[in-house]
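Asker: Starting from the structure of chain A, add chain B where the hints point.
Number of protein chains: 2
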Amino acid sequence: MAVYTEVSDDDLASFLSRYEVGELLSYKGIAEGVENTNYIVHTTTGPYILTLYEKRVSADDLPFFLGLMEHLAARQVTCPTPVRDRTGNHLGELCGRAAALVTFLEGFWIRRPKPEHCSKVGHALAQLHQAGADFKLTRRNALSTWDWRPLFERFASEADSIAPGLEALIKAELDVLETDWPLALPEGVIHADLFPDNVFFLAKDVSGLIDFYFACNDALAYDIAICLNAWCFEQDFSFNVTKARALLRGYEEVRSLTEDERKAMPLLARGAALRFLLTRCYDWLNRPAGAVVNPHDPIDYLRRLRFHQSVRSIADYGYGDGSR
Amino acid sequence: MAVYTEVSDDDLASFLSRYEVGELLSYKGIAEGVENTNYIVHTTTGPYILTLYEKRVSADDLPFFLGLMEHLAARQVTCPTPVRDRTGNHLGELCGRAAALVTFLEGFWIRRPKPEHCSKVGHALAQLHQAGADFKLTRRNALSTWDWRPLFERFASEADSIAPGLEALIKAELDVLETDWPLALPEGVIHADLFPDNVFFLAKDVSGLIDFYFACNDALAYDIAICLNAWCFEQDFSFNVTKARALLRGYEEVRSLTEDERKAMPLLARGAALRFLLTRCYDWLNRPAGAVVNPHDPIDYLRRLRFHQSVRSIADYGYGDGSR
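These protein sequence lines map, in sequence, to chains A and B.
Residue numbers for the first sequence follow the UniProt record's numbering, beginning at 1 and rising by one.
Residue numbers for the second sequence follow the UniProt record's numbering, beginning at 1 and rising by one.
Looking at chain A on its own, in the form it has when it is part of the complex (with noise of 0.2 Å):
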């Protein structure tokens, strides 16, 4: 929610030469994206987001995010296409920033997603999964199972400061998806993090998907287990399963589900809910006196977590039954 680099009328002008794109007509700096600087650039042949990558993401990983959103932008997925420069470059250097533009996107996202909007955004994931299939470059999920564990012990021994308990409730969360976390799922490149804010809607349909600084090869269903949590609990933290059964359906109208993907995933959701959580609780912890953002509380994924804990199948989350 944040500027952290000041860009110059000059630095801009001159970066922009480089590319095909006319000239400057306006920029200014949006109130989006947590770990990076964005401007909304309008120049003679239409609106851009010019992105400055900061210091929390890794240049080493930006040829995969702006390759997989060219990739995906080619087949059909609508996301923010990186406009390459005039000798086929898509990262380029702005303010000692690694930094990208890309297409604008119309839309926004929806502050209180309905059903409906779940059954899209199920559709609109299993488009992402299919049109990933082919994308040759790889990276690694730095938020995996197995990183889980060492993120915790930087906090564990503040965790009860959050909340009383939460020491032994994670150690204990992390010793059953150690050792039963499914290893022979279908894996492919996930987005790994769309939420609602990451989802642009016009008019009912999904308009474009945004945010792609973590996605990452895993399980497939993995993904769909981040939904689940991210689109399935209203705010009073209350499971709602008209949504997850309209995420799920939306999903199968493109991709079915395989036989151990359904019966991994009250397991999956499980790790889901962790993940978000030891994050939160990380991010809350080491937050900066008079930060400029305000970190989410840990709190609303240690109830996810909880209502994960006591479901038993996917049936539980409105899968499979014959309602409307």
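Misleading hints may appear alongside valid ones.
For chains that are exact copies, the list does not tell them apart, and a pair is met inside one copy or across any two.
[Claimed, not checked] Keeping only pairs whose Cα atoms sit at most 20 Å apart, straight-line, the calculated EDC-like set for lysine to aspartate or glutamate is:
| id | residue 1 | residue 2 |
| --- | --- | --- |
| 1 | K136 | D61 |
| 2 | K28 | D10 |
| 3 | K204 | D10 |
| 4 | K263 | E23 |
| 5 | K28 | E6 |
| 6 | K171 | D300 |
| 7 | K204 | E70 |
| 8 | K114 | E259 |
| 9 | K136 | E106 |
These are calculated hints, taken from the structure and not from any lab test.
Answerer: For chain B alone, kept in the frame of chain A given last:
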């Protein structure tokens, strides 16, 4: 530099339905404006700026500000034009705040203005003064000469923590300015905050003036004095007479200074420097811990004030000499 109020898609769509601006396509909070929350809004009829007025702007002043922008825009002074809703109002309410939708101006502000920019700004300022002459509403300058001492007294005892001797210097300066301030200069509507970030350029021409939220009725020449402070000093605080000459000449292409105005200019420039020194000292001493907005360093204006104290006549600002 912040979005103080988060607007939901439902609330925005409902707000926009009162205007003839088509359907909402996208909206993003922009990191501009210290006082208010601003969004860039795209609809099927084009881009707009949506402003939510936060607590530092008095609701009673909004009809003056919005009426002035509409008045000026109708007289070829390019500035954001408030959009009237279907009932003819240009002031609405959104998220419990007064809110207005204005047209989007292409252009961007010049980080390192050159003399030719100063010339264009002088020209545009005089056009604004002429176009404002028949504006019917009036607004008292809330930061006039007579408001400076009460403001100073709110932080006088802490002033020396900013710079040793500052309290005595400001006190002596107030004594001079309150005694000698000219009271019979031509008056009218002034912008009162025409800093580089409030002037958009496109291809070397002014494409728009923005941020009229300090506009008021006061001496026209005082507005020029503010611009001399805002545009004609270098980053090392040295005065650039070439820029000042260009600014004054640009102004006189449209409106000639009177004899009284020329005589008063050094004192007006001291007053303008003191006005910004005072508000910056106050903001500096009262910045909240962990503030999103970093206040400007007041010392910049102490240096400008000292320069103007050394000036003997408007000739020291490059006025009336034959050089180019």
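Asker: Determine for every hint whether it applies to the structure shown.
Answerer: Hint check results:
1. Proximity of K136 and D61 under a CA criterion of 20 Å is satisfied intra-copy only: 14 Å inside one chain copy versus 59 Å between copies.
2. For the identical chains of this complex, K28 and D10 are intra-copy neighbours only, at 14 Å inside a copy versus 24 Å across copies, given an alpha-carbon limit of 20 Å.
3. Taking the shortest alpha-carbon separations for K204 and D10, only the inter-copy value of 13 Å comes in at or below 20 Å, while the best intra-copy value is 40 Å.
4. In the homo-oligomer, the alpha carbons of K263 and E23 never lie at most 20 Å apart, since the shortest distance is 55 Å inside one protomer and 44 Å across protomers.
5. In this assembly of identical chains, K28 and E6 lie within 20 Å of each other by CA distance both inside one copy and across copies; the values are 10 Å within and 18 Å between.
6. For the identical chains of this complex, K171 and D300 are intra-copy neighbours only, at 18 Å inside a copy versus 55 Å across copies, given an alpha-carbon limit of 20 Å.
7. For the identical chains of this complex, K204 and E70 are neighbours neither inside a copy (25 Å) nor across copies (36 Å), given an alpha-carbon limit of 20 Å.
8. In this assembly of identical chains, the alpha carbons of K114 and E259 never lie at most 20 Å apart, being 28 Å within a copy and 69 Å across copies at closest.
9. For a Cα distance limit of 20 Å, the shortest separation of K136 from E106 qualifies neither inside one copy, at 29 Å, nor across copies, at 40 Å.
Going down the numbered hints, you'll see the structure goes against 4, 7, 8 and 9, while the others check out.
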